[in-house]
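Build out the structure end to end from the sequences listed, making use of the hints.
So the sequence lines, in the order shown, correspond to chains W and U. Just so it is clear: in the first sequence, position 13 is -4 by this note's numbering, and no numbers are missing. Here this note's numbering runs 225 ahead of the position in the second sequence, where the first position is 1.
For the record, the hints were derived by calculation from the structure and aren't laboratory data. These numbers come from a predicted model, not from an experiment. Watch out, some of these pointers could steer you wrong.
What the simulated footprint calls covered on chain W by chain U, stretch by stretch (three residues with Cβ under 8 Å from a Cβ of chain U suffice, anywhere in the stretch; the number is not a length) [what the hints assert, rightly or not]: (1) 157 to 169; (2) 178 to 185.
Cβ pair distances, simulated, as ranges [as the list claims (entries may be wrong)]: (3) U:Glu447 x W:Arg167: 27 to 33 Å; (4) U:Lys393 x W:Asp47: 56 to 62 Å; (5) W:Arg167 x U:Gly293: 14 to 20 Å; (6) U:Gly293 x W:Leu32: 38 to 44 Å; (7) W:Arg291 x U:Asp376: 28 to 34 Å; (8) W:Ser103 x U:Gly269: 18 to 24 Å; (9) U:Arg398 x W:Leu51: 42 to 48 Å; (10) W:Leu72 x U:Val369: 54 to 60 Å; (11) U:Ile333 x W:Leu76: 46 to 52 Å.
Just so you know, even glycine gets a beta-carbon here, dropped at the ideal spot from N, CA and C.
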Amino acid sequence: MTVLSPIESASASEATRSAMRAIASAKRTDLFVAGLGLFVMLVSMGLLLVLVGDLMIRGLSRIDYDFLTSFPSRRAANAGILSAWVGTLLVMLVTAFLAIPIGVMAGVYLEEYAPKNLLSNIIEINVANLAGVPSIIYGLLALGFFVYGLDLGKTILVAGMTLALLILPVVIVATREAVRSIPRIVKEGAYGLGADKWQVMWHYIIPAARPGILTGAIVGLSRAIGETAPIITIGALTFIAFLPPAPVSSEFPFINFDWLNEGFTVLPIQMFNWISRPQAAFHENAAATGVVLMALTLSLSGTAIWIRYRLRRNVRN
Amino acid sequence: MLETIMNIEKSPTDAPRLPPIPAAPEEAAVRAKVESLNFYYADGTQALKSVSMPILDRQITAMIGPSGCGKSTLLRCFNRMHDLYPGNRYEGRISLLPENQNLIGPEIDPVLVRLRIGMVFQKPNPFPKSIYENVASGLRVRGVKSKAVIDEAVEAALRRAAIWDEVKDRLHRSAYDLSGGQQQRLCIARALAPNPEVLLLDEPTSALDPIATAKIEDLVQELGKDITIVIVTHNMQQAARISARTAFMYLGELIEFGPTERIFENPSHPQTEQYITGRYG
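See below:
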């Protein structure tokens, strides 16, 4: 379409009409696409809401102080999830302590240190693909390698290590992306001051990449918290009526690591166990456990958002 | 000159009577020498072709030329910025006098070079930290721990960069709160804080408005009295206003180098004349 000056009025009006027709047709397409998007979104959100609502209606009434502070029991009314949520928290602690430092170091290495050659390309492709490996495969690996190969037993440590392996690719990829998104000019500024590579990484790159790294880590953790398959595979117990020794105590040396070698159960396994029983009362317990699990996941995501917000604000202020 | 004298007359008790700053001698000492420098990027393109020129001590040397002529590439050779990207290759010498050290020699650690030669970039690039921490960066990199020493150096650098009065009440706020021109002066303060021997400026005003540009120009001119400055600029008026020596580059070659006045008033090379009269660029 040629651009006409307003003076050429006769042909301009024809051009204007054709432009208006084109705009009207574009607007109809817009409306159609927006409507379709809205419909698809409503269907998927509706399904999700129904599922969550169903879980809430069935489980919410079951959640009280006793439910959170009791061990599992043969009688559904007395059963609680104390050992399960403590197990979940301890396993997550191990997972975070292993996956975050290793993942961040690996991500920074791949992005900034690794020479660009065939080997690093192969590693890169593998890391990306590892994120898509089904979690049960990690469970089998852990069973064969950690439980039998290294003879570590079916412990909190092994579960934490397994889930750390599972989320490592997520942390690595998030770290690489966060590091890559730092403007080249900021990096050059740091080098220009005479900083060596380690100083640039530690004082400029990693702090600037922190919001992205933390988001990746928490996304990974909220995936790990709901994982059932690998934990069942390594043989977590489903009925536990004791707590592992507390990691922190009031006596010297204040911290102990005995809990790492204890048996454990976690929330999804407790839930799975209760669902597979015939009595309806246990199904209620399972729904309540589901609500607790969702609350934990949501609070993890909430923490991620809060941390990002805080860090961004610190950067801006 | 007159103003200086009048100021001293007005407050004879405040400051000791300073000797007047001597006018730049005709033949200033040479601080660095570029000797038949060739530079190749990793993809094999030759960006600098046998460039030779002196950098005079405590003078402002400007490099001008059309985009892609190699002036920024040359500047980035001085502090080995090209070493950050694998595959780049230097040939020739850049000797830093008086010790006659070859800055681009493979045996010299680029970090050591950058510790002696400061740089300010095209776009303001403050770190996502406070104003104070930005200026302190260069000292922290050098392992300075004492808070008193850093405090003093930060204030001195901010004063030299003519931004102290604007930021003294908010040193611990984020550097991103400053305007573009203030950020660039902050970056100059950051480069000055560790007392570099040579200051490289890579088109420091290209992202700034005219008022901020004027402030930076005044500042650079002031700094040029006691530090060796190499400035790349695409703004010929800027080069003419502030520099003592000008180098005109074209397609990776140094076409002409000499006193700024002569380059602008009586260029000996037709290409230089065409460029400064605006016939291409």
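Now the hints, each set against the structure:
By the rule of at least three residues with a Cβ nearer than 8 Å to a Cβ of chain U, the coverage given for the segment 157 to 169 of chain W holds, with 3 such residues. Only residues whose beta carbon comes within less than 8 Å of a beta carbon in chain U count, and the segment 178 to 185 of chain W has 3; three or more means the coverage holds. Under the hint 27 to 33 Å, the C-beta atoms of Glu447 of chain U and Arg167 of chain W, about 30 Å apart, fit the expected range. For the pair Lys393 of chain U and Asp47 of chain W, the supplied restraint of 56 to 62 Å holds, since their beta-carbon distance comes to about 58 Å.
For Arg167 of chain W paired with Gly293 of chain U, a C-beta distance near 19 Å keeps the hint of 14 to 20 Å intact. Checking the proposed 38 to 44 Å range against Gly293 of chain U and Leu32 of chain W shows it is violated: the Cβ atoms sit about 58 Å from each other. A beta carbon spacing of about 32 Å between Arg291 of chain W and Asp376 of chain U agrees with the range 28 to 34 Å that was offered as a hint. At roughly 23 Å, the beta-carbon separation of Ser103 of chain W and Gly269 of chain U lies within the given 18 to 24 Å, and the hint holds.
The hinted range of 42 to 48 Å is satisfied by Arg398 of chain U and Leu51 of chain W, whose Cβ atoms lie roughly 44 Å apart. The given range of 54 to 60 Å is broken by Leu72 of chain W and Val369 of chain U, whose C-beta atoms sit roughly 43 Å from each other. At roughly 48 Å, the beta carbons of Ile333 of chain U and Leu76 of chain W sit within the given window of 46 to 52 Å.
Hint compliance for this structure: hints 6, 10 are broken, all remaining hints hold.
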